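2 protein chains.
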Amino acid sequence: MTLAESKTNAPAPENKGGVVISVDAMGGDRGPAAVMGGIAQSAEKNPDIRFIVHGPKPELERLIGRRSDLLARCDIRDAQGVVSMTDKPSQVLRKGEGTSMWSAVESVRQGEATVAVSCGNTGALMALSMLRLRKLPGVNRPAIACLWPSRNPQGFNVMLDVGADIRADAEDLLAYALMGASYARNGLGLSRPRVGLLNVGTEEHKGRAELKQAHELIAGMSEAGSFDYIGFVEGSDLPSDRVDVIVTDGFTGNVALKTGEGTAKLVGDFLKEAFGNSVMSKFAALLAMTSLKRLQKRIDPRRVNGGVFLGLNGTVVKSHGSADATGVSAALKLAFQLAQSGFHDRLAARIAQSLAAEAATTTEHKGMS
Amino acid sequence: MTLAESKTNAPAPENKGGVVISVDAMGGDRGPAAVMGGIAQSAEKNPDIRFIVHGPKPELERLIGRRSDLLARCDIRDAQGVVSMTDKPSQVLRKGEGTSMWSAVESVRQGEATVAVSCGNTGALMALSMLRLRKLPGVNRPAIACLWPSRNPQGFNVMLDVGADIRADAEDLLAYALMGASYARNGLGLSRPRVGLLNVGTEEHKGRAELKQAHELIAGMSEAGSFDYIGFVEGSDLPSDRVDVIVTDGFTGNVALKTGEGTAKLVGDFLKEAFGNSVMSKFAALLAMTSLKRLQKRIDPRRVNGGVFLGLNGTVVKSHGSADATGVSAALKLAFQLAQSGFHDRLAARIAQSLAAEAATTTEHKGMS
Numbered sequence: 001m002t003l004a005e006s007k008t009n010a011p012a013p014e015n016k017g018g019v020v021i022s023v024d025a026m027g028g029d030r031g032p033a034a035v036m037g038g039i040a041q042s043a044e045k046n047p048d049i050r051f052i053v054h055g056p057k058p059e060l061e062r063l064i065g066r067r068s069d070l071l072a073r074c075d076i077r078d079a080q081g082v083v084s085m086t087d088k089p090s091q092v093l094r095k096g097e098g099t100s101m102w103s104a105v106e107s108v109r110q111g112e113a114t115v116a117v118s119c120g121n122t123g124a125l126m127a128l129s130m131l132r133l134r135k136l137p138g139v140n141r142p143a144i145a146c147l148w149p150s151r152n153p154q155g156f157n158v159m160l161d162v163g164a165d166i167r168a169d170a171e172d173l174l175a176y177a178l179m180g181a182s183y184a185r186n187g188l189g190l191s192r193p194r195v196g197l198l199n200v201g202t203e204e205h206k207g208r209a210e211l212k213q214a215h216e217l218i219a220g221m222s223e224a225g226s227f228d229y230i231g232f233v234e235g236s237d238l239p240s241d242r243v244d245v246i247v248t249d250g251f252t253g254n255v256a257l258k259t260g261e262g263t264a265k266l267v268g269d270f271l272k273e274a275f276g277n278s279v280m281s282k283f284a285a286l287l288a289m290t291s292l293k294r295l296q297k298r299i300d301p302r303r304v305n306g307g308v309f310l311g312l313n314g315t316v317v318k319s320h321g322s323a324d325a326t327g328v329s330a331a332l333k334l335a336f337q338l339a340q341s342g343f344h345d346r347l348a349a350r351i352a353q354s355l356a357a358e359a360a361t362t363t364e365h366k367g368m369s
Numbered sequence: 001m002t003l004a005e006s007k008t009n010a011p012a013p014e015n016k017g018g019v020v021i022s023v024d025a026m027g028g029d030r031g032p033a034a035v036m037g038g039i040a041q042s043a044e045k046n047p048d049i050r051f052i053v054h055g056p057k058p059e060l061e062r063l064i065g066r067r068s069d070l071l072a073r074c075d076i077r078d079a080q081g082v083v084s085m086t087d088k089p090s091q092v093l094r095k096g097e098g099t100s101m102w103s104a105v106e107s108v109r110q111g112e113a114t115v116a117v118s119c120g121n122t123g124a125l126m127a128l129s130m131l132r133l134r135k136l137p138g139v140n141r142p143a144i145a146c147l148w149p150s151r152n153p154q155g156f157n158v159m160l161d162v163g164a165d166i167r168a169d170a171e172d173l174l175a176y177a178l179m180g181a182s183y184a185r186n187g188l189g190l191s192r193p194r195v196g197l198l199n200v201g202t203e204e205h206k207g208r209a210e211l212k213q214a215h216e217l218i219a220g221m222s223e224a225g226s227f228d229y230i231g232f233v234e235g236s237d238l239p240s241d242r243v244d245v246i247v248t249d250g251f252t253g254n255v256a257l258k259t260g261e262g263t264a265k266l267v268g269d270f271l272k273e274a275f276g277n278s279v280m281s282k283f284a285a286l287l288a289m290t291s292l293k294r295l296q297k298r299i300d301p302r303r304v305n306g307g308v309f310l311g312l313n314g315t316v317v318k319s320h321g322s323a324d325a326t327g328v329s330a331a332l333k334l335a336f337q338l339a340q341s342g343f344h345d346r347l348a349a350r351i352a353q354s355l356a357a358e359a360a361t362t363t364e365h366k367g368m369s
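As given, the protein sequences belong to chains A and B, one line each in that order. Using full-length UniProt numbering, you'd call the opening residue of the first sequence number 1 and step up by one each time. Using full-length UniProt numbering, you'd call the opening residue of the second sequence number 1 and step up by one each time.
If we strip away everything but chain A, and leave its shape as in the complex, we get (with noise of 0.2 angstroms):
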């Protein structure tokens, strides 16, 4: 719901303007049709976004034409190949040129499109990413960037890595400060986020070598990053209102993330059996609807769908490989809310003026207020 509450103020552009996504319709659980109802949903809400769609010309046309205002504003790129879930990244870099996810990022990559958004193969398209687009200076790993249901005002917290890269040193983990605080003040429209570290306890002395270096290395920058940083942060605060970007390894980042899927998914099956166990409570579940539908939406996956790749030049918006045409709508709302707010050149534009904020401050005595 935040992530596209500017577009009503936004003139209305050209028939031929706006914002345009990239779209690969091949590779998620659920095919093309899911990926082209998400589109429908997406356009119909909003009339600034168009799309040109990767994938086989004659199964996109087919599903499109039953959606004749569609036409307008999708174009379609005839790609045959289709890369599988399976399908290992190494050989999508050799042999991926003819597919639909290839196809998608490159339109970011010729700049016809601002953002690309994919259900496929996350290490795959992380992969053609990296190669395609390359690394945006300063930065060595990219990262994902996912939005987590929280107490705070705007709904969600942003957490990055989650699963770019297994490893990540201080330098890095600066990097995935800058690129977080960035994208929430872009995808949140926080104008001074809090960032927290992910550790084990938020005393000082705990924690890994490179997590207590990262402390310091990010406590430095957070004049020159326009961000509030609150130091180190547990699991039990990735939902709170204390913090809004956490940053950690995308080994850590990645268990995090499943771990809490899965927990809310097994609390969410516990509160159905609960709710199913006699007439009784059935009859109070039906009593209940419009709030447990309220709860429902609060934490369902679908509204939060959308991983970001950062770090690169150009933006990616992985979305979930089982997402329906609602997630995809969802994933598609971000990518706008990112194209929209110019957030990758702002966020270029910050790793680069940090860069040159960290190499002044190693010349100069250490410590800056």
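Simulated from the structure, these hints should not be mistaken for lab results. The model shown is predicted, which means the values in this text are computed figures rather than measured ones. Take these hints with a grain of salt, some might be off.
Since the list can't tell identical chains apart, any single copy or any two copies may satisfy a pair.
[Unchecked claim] List of simulated lysine-lysine pairs, DSSO-like, C-alpha gap at most 27 angstroms:
| hint | residue 1 | residue 2 |
| --- | --- | --- |
| 1 | 272 | 212 |
| 2 | 206 | 135 |
| 3 | 135 | 57 |
| 4 | 265 | 57 |
| 5 | 265 | 293 |
| 6 | 57 | 212 |
| 7 | 272 | 95 |
| 8 | 88 | 272 |
| 9 | 272 | 293 |
| 10 | 45 | 135 |
| 11 | 206 | 95 |
| 12 | 265 | 135 |
With chain A held as given, fit chain B onto it using these hints.
Positioned in the frame of chain A, the structure of chain B alone reads:
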């Protein structure tokens, strides 16, 4: 519920017989009254359990004095010092000798009690336990194992390490697999537990180098260790019914544990808000009371209260610092079950046997069937 099922089948012991648990009455967030409350609950439910209680004698006598039935079941050991939640482990090692925590661990060292239970500072308790009880031969890093609500018939899965050490190499992870399987056999009554190794994907090529190495080591030891090794698992599998014991390093395990707790609490709070939203939904909540209570019981962290320190010459159970009487009583129940099953001796025997098997394997060709 699963944990002390056997108690009713055991023959009634002599008045001074039964299992003796050493309890640190101090150091928890709610003070000695909560701990004594837990002891009282536990004593009431279980005639076979006796306690050595450590803390300032006058205060403990005053608390027990009100419950004359407890007098015959509790030995009080005077200890004036208290380890606080903010004390650093290194300080406690140097100056902790007069504290209730030190005294509680000492009773296990002296053989007066089988298991020690404390609600105090985790880092200090682990450091003290390592200093006084020493590591089991063959164990390089002890681990803390926790119980995780799951879809399995036994209601819980075991995860370790959740924070004894922030590092673990492949050999450590193998020891965790052996200790976790032994805990699941004796604590949860599973004859052949299924062990999984936590990673960012289930494919064999994923993950850090030490994980791939541990993957081979654990697979090779499954026969000798009497468990089934199911390979890599992900964060979403922690509450699943495809695994019983989840092995990971203490950094990742601690983040996962706290993330799970935080997520369950978030969903619970959202649920409460949802039911508080309208008169209709409040009425519905009233109708669904029994079902909601059943749900709450399944995910109540007090029911799974008790991290077990594994890999020492003696068993120590760490209760949540914020545990109330019900939480303390759950930790005492777990301690009783482990003491009665002869868990410690079995675990030590299993480790010794596996060391022998490993030594034998390394002299042969690699790769036992």
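Results for each hint:
1. Taking identical chains as interchangeable, the C-alpha atoms of residue 272 and residue 212 are never at most 27 angstroms apart, the minima being 43 angstroms within one chain and 38 angstroms between chains.
2. For a Cα distance limit of 27 angstroms, the shortest separation of residue 206 from residue 135 across copies, 22 angstroms, qualifies, whereas the shortest one inside one copy, 32 angstroms, does not.
3. Taking the closest pair of Cα atoms, residue 135 and residue 57 never come within 27 angstroms of each other, the shortest separation being 31 angstroms inside a single copy and 66 angstroms across copies.
4. Taking the shortest Cα distances, residue 265 and residue 57 never come within 27 angstroms of each other, neither inside one copy (37 angstroms) nor across copies (48 angstroms).
5. When the C-alpha separation of residue 265 and residue 293 is checked against a cutoff of 27 angstroms, the pair qualifies both within a copy, at 15 angstroms, and between copies, at 18 angstroms.
6. Taking the shortest alpha-carbon separations for residue 57 and residue 212, neither the intra-copy value of 52 angstroms nor the inter-copy value of 42 angstroms comes in at or below 27 angstroms.
7. Proximity of residue 272 and residue 95 under a CA criterion of 27 angstroms is satisfied in neither setting, with 45 angstroms inside one chain copy and 52 angstroms between copies.
8. Taking the shortest Cα distances, residue 88 and residue 272 never come within 27 angstroms of each other, neither inside one copy (38 angstroms) nor across copies (44 angstroms).
9. When the C-alpha separation of residue 272 and residue 293 is checked against a cutoff of 27 angstroms, the pair qualifies both within a copy, at 12 angstroms, and between copies, at 13 angstroms.
10. For the identical chains of this complex, residue 45 and residue 135 are neighbours neither inside a copy (33 angstroms) nor across copies (63 angstroms), given an alpha-carbon limit of 27 angstroms.
11. Within a single copy, residue 206 and residue 95 get their C-alpha atoms only as close as 45 angstroms, which misses the 27 angstroms cut-off; across copies the closest is 21 angstroms, which meets it.
12. Neither within a single protomer nor between protomers do residue 265 and residue 135 lie at most 27 angstroms apart by alpha-carbon distance, with minima of 35 angstroms and 38 angstroms respectively.
The structure is inconsistent with the numbered hints 1, 3, 4, 6, 7, 8, 10, 12, although it conforms to all the rest.
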